[in-house]
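S.K.: Below are the chains, spelled out letter by letter.
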Amino acid sequence: MTTQVLMPALSPTMTEGKIARWLKKEGDIVKPGQVLAEIETDKATMEVEAVEAGTLGKILVPAGTEGVAINSPIAVLLEEGEDAAALGNVAAAVQKPAKAEAAAKPHLSVVPSMPSAPVTSDEKTYDKVVVKTVREALREGMSEEMRRDPRVFLLGEEVAEYQGAYKVSQGMLEEFGPERVIDSPITEMGFAGLGVGAAFGGLVPIIEFMSMSFSMQAIDQIVNSAAKTLYMSGGEIGCPIVFRGQNGAPGRVAAQHSQCYASWYAHVPGLKVLAPYDAADAKGLIKAAIRDPNPVIFLEHELMYGQSFEVPDDPDFILPIGKAKVMCEGGDVTIVAYSRMVGVALQAAAKLAEEGIQAEVINLRSIRPLDTATIVASVKKTSRLVSVEESWPFAGIGSELAAQMMEHAFDYLDAPMARVCAADAPLPYAVNLERLALPQVESIVDAVKQVCFRQAA
Amino acid sequence: MLNTKPQIKAAKAVQPSPLLATDMLSYYRDMLLIRRFEEKAGQFYGMGLIGGFCHLYIGQEAVAVGIRRAQKPQDTTITAYRARGQLLAAGVSPKAIMAELTGRGTGCSKGKGGSMHMFSREKNFFGGHGIVGAQIPMGTGLAFAHKYKKDGGVCVAYMGDGAANQGQVYESFNMAALWKLPVVFVIENNKYSMGTSQSRHAAGELFRRGEGFGIIGRQVDGMDVVKVRRAAEDALEHARSGKGPVLLEVMTYRYRGHSMSDPGKYRSKEEVERWREERDPIDSLRVLMLRDGLATEGDLKRIEREIKDIVAEAADFAQTSPEPDPSELLTDVLIES
Chain A
1182 MTTQVLMPAL SPTMTEGKIA RWLKKEGDIV KPGQVLAEIE TDKATMEVEA
1232 VEAGTLGKIL VPAGTEGVAI NSPIAVLLEE GEDAAALGNV AAAVQKPAKA
1282 EAAAKPHLSV VPSMPSAPVT SDEKTYDKVV VKTVREALRE GMSEEMRRDP
1332 RVFLLGEEVA EYQGAYKVSQ GMLEEFGPER VIDSPITEMG FAGLGVGAAF
1382 GGLVPIIEFM SMSFSMQAID QIVNSAAKTL YMSGGEIGCP IVFRGQNGAP
1432 GRVAAQHSQC YASWYAHVPG LKVLAPYDAA DAKGLIKAAI RDPNPVIFLE
1482 HELMYGQSFE VPDDPDFILP IGKAKVMCEG GDVTIVAYSR MVGVALQAAA
1532 KLAEEGIQAE VINLRSIRPL DTATIVASVK KTSRLVSVEE SWPFAGIGSE
1582 LAAQMMEHAF DYLDAPMARV CAADAPLPYA VNLERLALPQ VESIVDAVKQ
1632 VCFRQAA
Chain B
163 MLNTKPQIKA AKAVQPSPLL ATDMLSYYRD MLLIRRFEEK AGQFYGMGLI
213 GGFCHLYIGQ EAVAVGIRRA QKPQDTTITA YRARGQLLAA GVSPKAIMAE
263 LTGRGTGCSK GKGGSMHMFS REKNFFGGHG IVGAQIPMGT GLAFAHKYKK
313 DGGVCVAYMG DGAANQGQVY ESFNMAALWK LPVVFVIENN KYSMGTSQSR
363 HAAGELFRRG EGFGIIGRQV DGMDVVKVRR AAEDALEHAR SGKGPVLLEV
413 MTYRYRGHSM SDPGKYRSKE EVERWREERD PIDSLRVLML RDGLATEGDL
463 KRIEREIKDI VAEAADFAQT SPEPDPSELL TDVLIES
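Residue numbers (the numbering used here), protein chains in the order written: chain A, 1182 to 1638; chain B, 163 to 499.
It should be emphasised that the hints constitute simulated quantities derived from the structure, not laboratory data.
There's no promise every hint is true.
The calculated DSS-like cross-link candidates involving lysine-lysine, where the alpha carbons are at most 30 Å apart (straight line), are [to be verified]:
#1 Lys1212(A) to Lys311(B)
#2 Lys389(B) to Lys1199(A)
#3 Lys1348(A) to Lys342(B)
#4 Lys1205(A) to Lys342(B)
#5 Lys1305(A) to Lys1468(A)
#6 Lys1212(A) to Lys342(B)
#7 Lys312(B) to Lys405(B)
#8 Lys470(B) to Lys1239(A)
Throw the hints in and build the complete structure from the sequences for me.
M.R.: Have a look at this one:
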């Protein structure tokens, strides 16, 4: 059988090229890998190699020809024992890929369809509660999961012998031993990648970043390795891992240690992003994060570690991922916040109540997946929305909420949504500037008055 | 299995395995499969059937085959984007690999991964990763999992000489040595980091780069499949016995460009020709087998025909399989819990 030699594409952008010269002539015997011709592309001169063994039967496109389209036949190879008579039938076409049925409509318009009803009501209620700090709640959550599942281990800087840089893992080394509570060298990219590999290998790592700011050293492993491998492997290799650490502005540590990563990680398909506010959130969500088969980013807040809240006293207590919580009800305005900002928003709501404005405060708890249904249900009631976050305004979580409201609640808004964010600058050190840079009770109160068309204070 | 001696001797790993005709033939077969498969991939790229990047393994076949034959079933493997040598040596279906290259729904990653991102849990093959060097911490993590689970496995983590300059490689060396993880780091030194030769991209000797961490380094002739296999056996045995990581620098050569769109102007034709003529791993083994009576011309012809059929079948499958269903666009983003 004769084999056609086709004009090869030698770069992703090449559509045609020039046959610069032939290195073999008609009648020459060629072996796989031997150079037949040189072609000039838009970028460089490249070689065309023989793939099959045979005799160069006929050169179809002479040297010097320009504008030869890729995939057009440029020569014919004869198999061993064939003669030139076989050249008669050289017009076979390149097999075209079987096109899958074109998508009915472009996927650019993919907007998540809205759950029909808010889903906060399916959260279990617990009769017995105990008071715990956020730090204790996190430790309990992790420890309970480690008792339950021997595949779970904790790795990070100072998590073991030092008892945790923020004492979150205090006592865990003693209970679980050095094989499961492991001090890492200061080597974020390395230990984040090690965690990803361990998750591929069947373990469930909890990777603690002393600060999420340091996770930028490891962001390639989080985004390119942890988040994308399931997809790239066609569902074959999953990555059950939790990356956790304190996030946002802990106070007076300035720009490089103070940053909120909610929108950074929430941007990435393949990641879940959780941000607990109180101790019940912390315990219920860390347990859910560890049990989740996907990579989860868990954003804690240093200023919340020592604060105490009620936590359900039940061994089965766990929270669902993707469910926001209405912290207080009100009919005049919806305030959406996450992490420490929920507390600031609650203080603002109390202040607003004194002035006769009833605010509904929603604690997102889960940034991705986002509980759009609960927010929309609230906005349908209040017609006004203010978002509060410790991250920068541009492409922040407030920006996403604004887009979601355009898509799902446009007709219910009586005023443009307002965003309360960190100032659009690196976080300053000086006390006064730092205070100005971060959302305060007053800035939330002002924003609420603005959307309620009241005079700002 | 290759070893005919009692198990107890094998465990010492100082005794080189005897060479058996059947093993040599199977090395030959596996290397030839990679060579012919990759030639076909290069041809497909030229026909526009493979898009984006395509980094051919041609010239380096003895590395993947020699190391794979030293591995045990519980061992894991991870590498970068020049992965098809390892995939084929591991026994992943040529049809599924070729269909992945052409972006079809029957590809080993359902057409979502492409040439750089291929995996096989069944063969403990964890990629196929596109970011230079990122596979080394992940491989260290696979080794961590072996140790944690006490499953007796070792991870083989491959990188090129170019990747050996990434910082995360040394973060991994540190942790692997510190925690005595069962991992064999393999530098496939094909002399060029894309278009930059080793003398222009790397200070010092690569196999000595673990010394500061106490990691044993060995340099191996990567054009000789038997030598690669023996070095890999020793390295795997060392790592498996709890003594910590080993660094193997396997000296090899790629005949083709870094990727298909590399015109190769950074080296002379004569240099490439010399390697092909004098050091080709497949031709060398062929000559050796015929000389020592380990195979006949007929045996080799039969293998060539078998490989030709396998590659033709894979090529046909990859051209005729349908593209992924549009409904696959949004699947496999997350595991539904």
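S.K.: Would the pair Lys1205(A) and Lys342(B) pass a check requiring their Cα atoms to be no farther apart than 30 Å?
M.R.: violated, 56 Å
S.K.: For a C-alpha distance cap of 30 Å, please report whether Lys1305(A) and Lys1468(A) respect it.
M.R.: Within the cut-off at roughly 15 Å; holds.
S.K.: Does Lys1199(A) lie within 30 Å of Lys389(B) when you go C-alpha to C-alpha?
M.R.: Roughly 44 Å between the alpha carbons, so the hint for Lys389(B) and Lys1199(A) is violated.
S.K.: Sort out whether Lys342(B) lies within 30 Å of Lys1212(A), counting only the CA atoms.
M.R.: violated, 48 Å
S.K.: If you draw a straight line from the CA of Lys470(B) to the CA of Lys1239(A), is it 30 Å or shorter?
M.R.: holds, 24 Å
S.K.: Between Lys1212(A) and Lys311(B), does the CA-CA distance stay at or below 30 Å?
M.R.: violated, 50 Å
S.K.: For the pair we were handed, Lys312(B) and Lys405(B), check the Cα-Cα distance against 30 Å.
M.R.: holds, 14 Å
S.K.: Please work out if Lys1348(A) and Lys342(B) have their alpha carbons no farther apart than 30 Å.
M.R.: Since the Cα atoms of Lys1348(A) and Lys342(B) sit roughly 28 Å apart, the hinted pair holds (cutoff 30 Å).
Figure legend: structure checked against the earlier numbered hints; hints not met, in rising order: 1, 2, 4 and 6.
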